[in-house]
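Using the sequences and the accompanying hints, generate a full structural model.
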Amino acid sequence: QKEVEQNSGPLSVPEGAIASLNCTYSDRGSQSFFWYRQYSGKSPELIMFIYSNGDKEDGRFTAQLNKASQYVSLLIRDSQPSDSATYLCFLWGSSASKIIFGSGTRLSIRP
Amino acid sequence: DVKVTQSSRYLVKRTGEKVFLECVQDMDHENMFWYRQDPGLGLRLIYFSYDVKMKEKGDIPEGYSVSREKKERFSLILESASTNQTSMYLCASSYGGGGYEQYFGPGTRLTVT
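Read top to bottom, the protein sequences are chains U and G. Okay, so the first sequence: first residue is 1 according to the working numbering, each after it adds one. Okay, so the second sequence: first residue is 1 according to the working numbering, each after it adds one.
Each statement offered as a hint is correct.
Below, simulated DSBU-like cross-link-like pairs (lysine-lysine); rule was C-alpha separation at most 30 Å, straight line: (1) G:55 x U:42; (2) G:3 x G:18; (3) G:70 x G:13; (4) G:70 x G:53; (5) G:53 x G:71; (6) G:53 x G:3; (7) G:70 x G:18; (8) U:42 x U:56; (9) G:18 x G:55; (10) G:57 x G:71; (11) U:2 x U:67; (12) U:67 x G:55; (13) G:71 x G:3; (14) G:13 x G:71; (15) G:57 x U:67; (16) U:2 x U:42; (17) G:18 x G:53; (18) G:55 x U:2; (19) G:3 x U:42; (20) G:70 x G:57; (21) G:13 x U:42; (22) G:13 x G:3; (23) G:57 x G:3; (24) G:70 x G:3; (25) U:42 x G:57; (26) G:71 x U:42; (27) G:3 x G:55; (28) G:18 x U:42; (29) U:42 x G:70; (30) G:70 x G:55; (31) U:56 x G:3; (32) G:55 x G:13; (33) U:56 x U:67; (34) U:2 x G:57.
If you are wondering where the hints come from, they were derived from the structure by calculation, not from laboratory data.
Following this line, the structure appears as structure tokens:
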């Protein structure tokens, strides 16, 4: 089992709909969780981070964390074509060696 | 604005050459990272440094070494480049500890022939 798992996609969502991206992880000691967005040919940039169980909202983005079930998700409301990118889940685990990115989910917003 | 710069955007080297990739950040960040990114594999951590002269191995340190003599600079060294090290290399930095955003450089596309 990979330490951080994401569905590679592509995930195709119509413009204006909600895009739901999921990430599961195996290290129960993980403390902090991040979502990065990466456009083709560009470097990753931070979308959101979450440390506590529950939901965290920032504009059109909501991060959800459930440590008991070991998953973190990102919801994008009112999806726009500019949201088309690869979304990378990242976590800081229980030790310095547990610095892990998922392999990313490619999201495509269709007009 | 945080700035992370990498010495080259594109690099072509021959098998067996010693290769140096340089990364410089201007935000006085304690942590610096080297990743490689390959299609379908995401970003994989090669090495992590949390202070000057301090380093931790990541998932794939074999064939690589690092150097951090100054806080702002983190170098990745390929001792003897091989074709399976052809990849995109990304450097990042962040404040110390485990809960801070990483800022990425533009990446170096290395081709080993």
